[in-house]
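Top to bottom, those sequences are chains H and W.
FYI, the numbering used here numbers position 411 of the first sequence as 413, with every residue one higher than the one before it.
FYI, the numbering used here numbers position 25 of the second sequence as 298, with every residue one higher than the one before it.
There could be a bad hint or two in this list.
Said to hold, decoys possible - Computed cross-link-like contacts, SDA-like style, restricted to lysine to any residue with a CA-CA straight-line distance of at most 20 Å: (1) W:K336 - W:H292; (2) W:K336 - H:E28; (3) H:K22 - W:A325; (4) W:K336 - W:A371; (5) H:K22 - W:R353; (6) W:K335 - H:R66; (7) H:K22 - H:R421; (8) W:K336 - H:R66; (9) H:K22 - H:R418.
The hints are simulated quantities; they were obtained by calculation from the structure and are not laboratory data.
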Amino acid sequence: MPRGGERPNPPALLRWLTGKGIPREERESVLVEMDHLWRSRRHRQGPLRAWFWYLGTALGFAVRVRGAGILGGAGRWTRDAVADLRYGARVLARRPGYAAAAVLTLGLGVGGLTSVYAAADRVLLRPVPGVEAPHELITLRLGSSEMEGAWWTLSHADLEALRVGVAGVRSLDARTALEVNVSFDQGAGARRTRAAVVTPGWFETLGVRFAAGRAPVASPDPAASGAGEVVLSSELARAMAGSVAGALGRTVEVDGVAHTVVGVTGPGFQGAELPGETGIWLGPAGLLALDPSAPDGLFQEGYQGIWQLLVARPVPGQTVAGVAAAAERVRERAVEQQLPSAAVMVAHFEMQAFPGVGLDPSLRSGVRRTVALLAAGAAFLLLLAGANVANLAITHAASRRGATSVRRALGAGRGRLLRQLLAEHLVMGAGGALAGLAFAWVGIGLLRDVRLQEYGAALTGLALDPRVAGVAVLLALGTSLLAAAGAAAASGGGNPEALRGARSGTRSGHRLRAGLAALQIGLSAVLVVGAGLLGRTVANLRGLDLGFRPDGVLAVDLDPSRVDRDAGEVSALLARLVSALEARPEVAAAGFASPEPLRTSFLTSWLGPLGGDPDDGILGAHLQVAGPFLEAMGVPLLAGRAFGEGRWMRSGDDGEPEVVVNRSAARELFPDRTPAQVVGEVVSTGRGDAPPVRIVGVMEDLALTGPRPDRPHVFVRPWGQGYADQVAVGWVRAREGADPAALAPLVREVVAGVDPTLPVFDVRTVRTQADRMFADERVLAGLGTVVSLLGLLVAAVGIHGVLGYTVQERRREIGVRAALGADTSELLGRVLAGGLGIALAGMLPGLMGAWGLTRFLESRLYGVAALDPWTWGVGTVVLVGVALLASLLPALRATRVPVVEVLRAEG
Amino acid sequence: MGGRDGHGGREALGEFEHHVLLVALRLGDGAFTALIVEELEARTGRSVAAAAVYIALRRLEKKGLVTSELRMDDSAGTNRERRFVGVTPAGVQVLAAARDDFQRLWEGMEPALDSSGERG
Chain H
3 MPRGGERPNP PALLRWLTGK GIPREERESV LVEMDHLWRS RRHRQGPLRA WFWYLGTALG
63 FAVRVRGAGI LGGAGRWTRD AVADLRYGAR VLARRPGYAA AAVLTLGLGV GGLTSVYAAA
123 DRVLLRPVPG VEAPHELITL RLGSSEMEGA WWTLSHADLE ALRVGVAGVR SLDARTALEV
183 NVSFDQGAGA RRTRAAVVTP GWFETLGVRF AAGRAPVASP DPAASGAGEV VLSSELARAM
243 AGSVAGALGR TVEVDGVAHT VVGVTGPGFQ GAELPGETGI WLGPAGLLAL DPSAPDGLFQ
303 EGYQGIWQLL VARPVPGQTV AGVAAAAERV RERAVEQQLP SAAVMVAHFE MQAFPGVGLD
363 PSLRSGVRRT VALLAAGAAF LLLLAGANVA NLAITHAASR RGATSVRRAL GAGRGRLLRQ
423 LLAEHLVMGA GGALAGLAFA WVGIGLLRDV RLQEYGAALT GLALDPRVAG VAVLLALGTS
483 LLAAAGAAAA SGGGNPEALR GARSGTRSGH RLRAGLAALQ IGLSAVLVVG AGLLGRTVAN
543 LRGLDLGFRP DGVLAVDLDP SRVDRDAGEV SALLARLVSA LEARPEVAAA GFASPEPLRT
603 SFLTSWLGPL GGDPDDGILG AHLQVAGPFL EAMGVPLLAG RAFGEGRWMR SGDDGEPEVV
663 VNRSAARELF PDRTPAQVVG EVVSTGRGDA PPVRIVGVME DLALTGPRPD RPHVFVRPWG
723 QGYADQVAVG WVRAREGADP AALAPLVREV VAGVDPTLPV FDVRTVRTQA DRMFADERVL
783 AGLGTVVSLL GLLVAAVGIH GVLGYTVQER RREIGVRAAL GADTSELLGR VLAGGLGIAL
843 AGMLPGLMGA WGLTRFLESR LYGVAALDPW TWGVGTVVLV GVALLASLLP ALRATRVPVV
903 EVLRAEG
Chain W
274 MGGRDGHGGR EALGEFEHHV LLVALRLGDG AFTALIVEEL EARTGRSVAA AAVYIALRRL
334 EKKGLVTSEL RMDDSAGTNR ERRFVGVTPA GVQVLAAARD DFQRLWEGME PALDSSGERG
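The whole structure should be built from the sequences, with the hints applied where relevant.
Laid out in structure tokens, this is it:
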């Protein structure tokens, strides 16, 4: 796209529509102002927000310019509009049943789609708060060409090399995330918060404004950059000190290390990621201050991975692909010249770039797919509702043909009649919008507790804000007006000639209504099949063998690392905790692991044959354990042993390094051997001078990343040997049959008994955590079930309406048939056959459509084929059953047509 | 319709109109709706509806406090006509009178502000 001279303009369609809403003599001078504002908004907030702004402002102009009566005659327009709306309200009030049905279905459809929109807006559309033009930023990280979604840390040397080697970026800064305990006043009221260690230019690159103070001071030596300084978020400053001003300049203890608050970021900014939960930022020096075991050459050592994520602010014209290619060239050069670099350590490493900041790049496609499926489900429901409203409107319009024609004959203009129809549907749309807002409020409340793709607290702040409400209103009015258009077309605009045939519905009108009912059944067919497949998937996932036993276990997080505690003391503390926990009769087994075992991304390490080719080695999830953790997990050992009887405490110095690997890792390392034959083998860890490790046990494969076909290799090492995360995750297994959640107070009590200063946080059952691994599938199945039930209900109402109207229309015919000797079963059969005909007419294309759409669902299914005959069979039976049930009432009414009365009326 | 000036004296000025008029005066000859919207947003920190500004300007024009003129806007590079506004002497007078009113109303009130607590 050419840059510079060319000036972007708002989308032509939006502009044209806006122009239509504004009186001609004002049009050009309004549009020129709108263009101007749109451009500056687009520049500041991105195209999507600018679009929304334009839509809202255009509406505002149309309403206000007319309402203000700037031009002559506008007063009459307003008066007419008010009169029409009142007329519409009266028409609806006269038929409360009709109005309620229409408003309710509309509300359900609108509420569903609005809830999904709110979720999508939260995770995908909304720019990261507090970051300037976030869509222009580029996220860079070290990924793998073979393992999708996996990423590794870059060293400081890598960052410096990229800063030199990647052209077309104004700045390049780095971040690494951690969690810390923070407190003012020597530990009182300590709270746990997400923290980030960042390069000093981080805030400038993101364009973050400060509410007070400044960023940490940069120094040529990264080890001194921002030493002793922290920046707080406005939110954390307010929560801890009461106000922004009250926090600035104070001493804050971060994991027990004193720092000074030198800055407070502007409100809203809580990190470059979504959801933003970062409360405190430290300079690179913070890494050394917080981790006493960090090597001296942390920033000089080229292989020492530090930075998790880089963010670049490109110059205009630079693209994401351009940055990715330039960064990859830097990595390749390091490979060729054998430079010390963390980015060259594995053959399939590659530099990856992603547009914008916010949602974690590994989660983006998954979250997008889930949201798209949710949106599709909700859109189907709205479509169903729209068909239903149109159907009701047509029935209504047909029944008023007489009245309409009389009014036309009396001189009411065609335009006026159309306007009244529109006004009536605007009123209905407004009702639908209100109902939609109510349903959206409920739906958003339900979605708030949902975690998409383990996407943390992604939806916690979800709310029915004005923008989301605006979407609901637009959807309701739009659907209602479309239905009005359908009704207008079906009623033929009220031709006076229709007067003659006013009492009998037209054949084409009947066909249209039957067609709409069939459409509803068809849409329901798609929904029923989709929900059925997802429901079976969730049942399969819950029954899935994860390789460990998630039931009956409570998980807690502890942070035993403190500056004044060395590795040996941490081990001793964990040993005391394990024995104190296991001494309690309620506890079957307890152990600690690091890092968190159940998650999508791992701390990976490398194992390979001694003296062999590095390419023959394998990468696996690295897990460090203290106490009988594997026992607490319920992992079956296939051969050898784990690290019981205190073996986990031995560091590499006082014994041979040991590892337990899982089945798949054993097979990959020693292809032709049984697990028992692998035990006792010695393998290399590939870390230069690190001694080789002996495989002491082989365990079952574990589904640590959730229900995916490829289970990761897992290497379990004793706590004393290797690198543990700061947080120790404790798993406490309850005695058989006991409720693990009930262990929570006991665990707190035991921990407080061992060390009262040790906070216990994030208490949860492992079952909840395991279920969360397929949260997306559960949400989809849940929503699918609700939507398909509603769909069926709406379709049933539709069929019932059409048949009921037909029976009413054909009273005479039915009466004559009954008089001529047709018996009850024949009359019943006729009406039921009509219902069945509508259902079949809809089901055939519906099921075909479902067949076409299942391929979008295929990647989400587990243990059930997309064309599973059971699901499809049951779905078909349910659809036919619902159609017959819906036809039953009108059919019974047909059998009760009073023959004598009908014939006498005819006579 | 309200807004008719009953006592033959000064035009009554709503708060928003007051703001718009003041910003138009500040921007001088080259003032137009979009510019006024942006200036208002920048100075008050609140978002402002463009339509409201547009209408306020037309209303002020009716009251004789601003004049408007359709002119080619060369700066846009697209040669489109744009409605430029300027504050009339009557408009300046109304603003000056409003400021005097405020000043008189505020006389001796500073202590009341200080006692009402800290301001964010």
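Check: Can you name, in rising order, the numbers of the hints this structure does not satisfy?
Finding: none
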